[in-house]
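Residues per chain, in single letters:
Number of protein chains: 2
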Amino acid sequence: MLDIFNEIKEEIACVEKELRNIVRESDPLIKDTSVHLISAGGKRLRPAFCFLGGKFYNYDYKKILPLAVALELIHMASLVHDDVVDSSVTRRNIPTVKAMWGNKISMHLGDYLFGKSLKLIAGYDNLIIPRVLADTSVKMSEGEIQQLSTSKRADQTVRDYFYRIKSKTALLIAASCQLGAVACGAPQSVHLPLRRYGHSIGMAFQITDDILDLVADEAQLGKPIGSDLKQGIVTLPLIYALGHSERRDRLAEILSGEEKSHEEINEACEMIVSCGGVDYSNKIVQRYIGNARKQLKRLPDIPAREILYMVAEFISIRKF
Amino acid sequence: MLDIFNEIKEEIACVEKELRNIVRESDPLIKDTSVHLISAGGKRLRPAFCFLGGKFYNYDYKKILPLAVALELIHMASLVHDDVVDSSVTRRNIPTVKAMWGNKISMHLGDYLFGKSLKLIAGYDNLIIPRVLADTSVKMSEGEIQQLSTSKRADQTVRDYFYRIKSKTALLIAASCQLGAVACGAPQSVHLPLRRYGHSIGMAFQITDDILDLVADEAQLGKPIGSDLKQGIVTLPLIYALGHSERRDRLAEILSGEEKSHEEINEACEMIVSCGGVDYSNKIVQRYIGNARKQLKRLPDIPAREILYMVAEFISIRKF
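Line by line, the protein sequences are chains H and P.
Residue 106 in numbering that gives the first Met the number 0 sits at position 107 of the first sequence; the count goes up by one each step and never skips.
Residue 228 in numbering that gives the first Met the number 0 sits at position 229 of the second sequence; the count goes up by one each step and never skips.
Wrong hints could be hidden among the right ones.
Treat identical chains as interchangeable: a pair holds within one or across any two.
As the list claims (entries may be wrong) - DSSO-like mimics (lysine-lysine), calculated; alpha carbons at most 27 Å apart, straight line:
id, residue 1, residue 2
1, K293, K118
2, K30, K165
3, K138, K16
4, K151, K30
5, K16, K118
6, K16, K62
7, K222, K151
8, K42, K30
9, K118, K62
10, K222, K293
These are computed hints drawn from the structure, not numbers from a lab.
Required output: the full structure, derived from the provided sequences and hints.
Here's what the structure looks like:
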């Protein structure tokens with residue numbers, strides 16, 4: 000958990016406990032793989048947003064807890080499925096479920112965790128929650144499929160990229176910020192600014208992720224530098240470089256290659272950075288952070304709002 | 000569609016149309032893969048059960064249609080995911096999505112179709128529907144994971160097998176029979192016998208599937224004989240043979256082998272049939288069919304009930 004979430008540390012501890020409880024009675028294989036996944040940790044960003052959102056209206060952590068757990072399960076399920084297709088061997092410096100147990104288990108474990116989230120969501124008699132999450136899950140798959148269908152293609156626009164990361168990442172974070180408040184019975188005037196805040200934060204978060212893939216410290220990041228590029232995933236700094244680098248043809252050539260050597264990946268990363276692709280992307284991050292702050296101004300000035308300001312600050316300067 | 004579903008042929012035609020509508024506006028890759036999948040056909044058993052169940056109480060096909068489509072989408076999603084892990088190349092004599100587009104697309108397409116089913120389900124303000132389906136989807140994944148974790152193991156009981164096929168197959172058919180009536184507002188006295196009928200039919204259906212894997216005509220079945228055995232999936236006829244065949248050690252040896260030759264598969268199939276594994280399994284099918292009939296007696300004598308009797312008859316004698 001991040002230090003800035005100190006105010007809700009007890010709630011996040013409940014989420015950790017519930018995540019473990021959910022798989023306790025399962026088949027040993029499900030239990031082992033799930034516990035591995037839960038123990039691998041993560042920032043628990045989505046549950047945190049969910050609780051913080053709830054603080055803006057008749058806060059009742061018991062009403063939010065199942066939803067917060069469900070959001071983390073949806074996120075975990077998507078990570079396990081991504082690892083299958085990404086051929087990732089480590090995530091957060093820890094071997095992936097796929098690396099330890101194989102593709103078959105990873106696929107069904109993802110489905111299982113997602114199913115568990117549906118059970119929690121089905122416990123709510125509020126209709127907004129299942130509708131927002133059903134819509135989000137369709138978009139998440141669409142984003143992933145678009146990422147596959149546009150893989151290695153140098154002819155993508157910034158617009159294509161924004162649409163994809165909105166689907167892949169931002170919508171679930173937007174839902175997390177919105178639905179904690181919805182679960183507490185908040186009106187639109189509260190849960191819509193929270194949703195918009197989450198959307199901007201989610202966009203900034205994913206662009207930062209894509210920047211870190213190029214310039215982070217490998218040990219801190221927990222995976223090799225240039226992983227996206229190696230897989231042919233076209234991110235914002237790369238799109239900028241494909242439009243602005245003097246050596247754009249060489250960059251497109253490396254991108255389109257079947258097998259990319261370590262040297263080629265390094266060469267491409269250097270080209271992207273030197274032509275300003277990372278600086279440009281950082282500016283876009285700042286623009287989204289600005290939008291996120293604007294949304295917060297529409298909400299009451301309570302301690303949770305201060306934390307959400309700090310999250311915006313953290314997203315824009317994070318190194319891992 | 001099966002001829003016995005003639006009474007609801009217009010409803011099934013609406014399901015076909017809706018399935019195509021749902022993917023019409025998608026990314027071209029989603030559209031191509033989905034249309035391939037929808038065109039490959041299938042018996043549309045789950046939607047049919049859903050409409051027939053609804054006939055027992057204030058039938059309104061508009062109330063049932065989204066649910067019927069959702070059930071077929073859940074089934075399709077599970078098939079696409081199964082093809083990923085089964086390494087199947089054809090299903091119903093048609094190349095699988097995996098064979099044509101690869102594992103990555105298949106996995107995300109399954110998630111996408113499942114997400115689309117959630118959107119349809121979220122349109123109901125009835126709480127039983129999402130709860131039953133969430134529970135069913137968890138069990139379906141559990142069944143698949145158990146199938147993987149018990150693969151190639153000769154020490155399985157009939158009880159393990161029943162638990163697995165209930166999770167994998169019977170619960171979704173039970174839900175299909177039950178929830179059409181629930182969507183029309185039927186009381187428990189109507190939807191519970193329908194659920195139990197569906198459970199028995201689902202068990203009989205899966206055991207018949209497992210028998211056909213050993214003795215069907217390959218061309219009619221649409222896939223090679225002995226596919227389950229080749230993958231190490233332990234089915235009822237095999238469990239019987241592992242307990243009763245004089246050559247059980249040889250059978251266990253073939254089952255545990257990494258790569259199984261065509262000759263070994265044929266040898267094993269012959270052993271299973273000759274020791275009575277198929278006859279035994281057929282008796283169990285008849286027992287489930289008997290249970291299904293018993294449940295129907297609790298329901299009003301309407302034409303839909305006659306069709307459900309005929310479905311029970313069909314399941315027990317089907318050859319594909």
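A quick look at each hint next to the structure:
no.: 1; hint: K293 / K118; in the structure: neither (35 Å within a copy, 31 Å between copies)
no.: 2; hint: K30 / K165; in the structure: between (32 Å within a copy, 21 Å between copies)
no.: 3; hint: K138 / K16; in the structure: between (29 Å within a copy, 22 Å between copies)
no.: 4; hint: K151 / K30; in the structure: between (37 Å within a copy, 21 Å between copies)
no.: 5; hint: K16 / K118; in the structure: within (17 Å within a copy, 30 Å between copies)
no.: 6; hint: K16 / K62; in the structure: within (16 Å within a copy, 40 Å between copies)
no.: 7; hint: K222 / K151; in the structure: within (20 Å within a copy, 35 Å between copies)
no.: 8; hint: K42 / K30; in the structure: within (21 Å within a copy, 35 Å between copies)
no.: 9; hint: K118 / K62; in the structure: both (15 Å within a copy, 23 Å between copies)
no.: 10; hint: K222 / K293; in the structure: neither (34 Å within a copy, 59 Å between copies)
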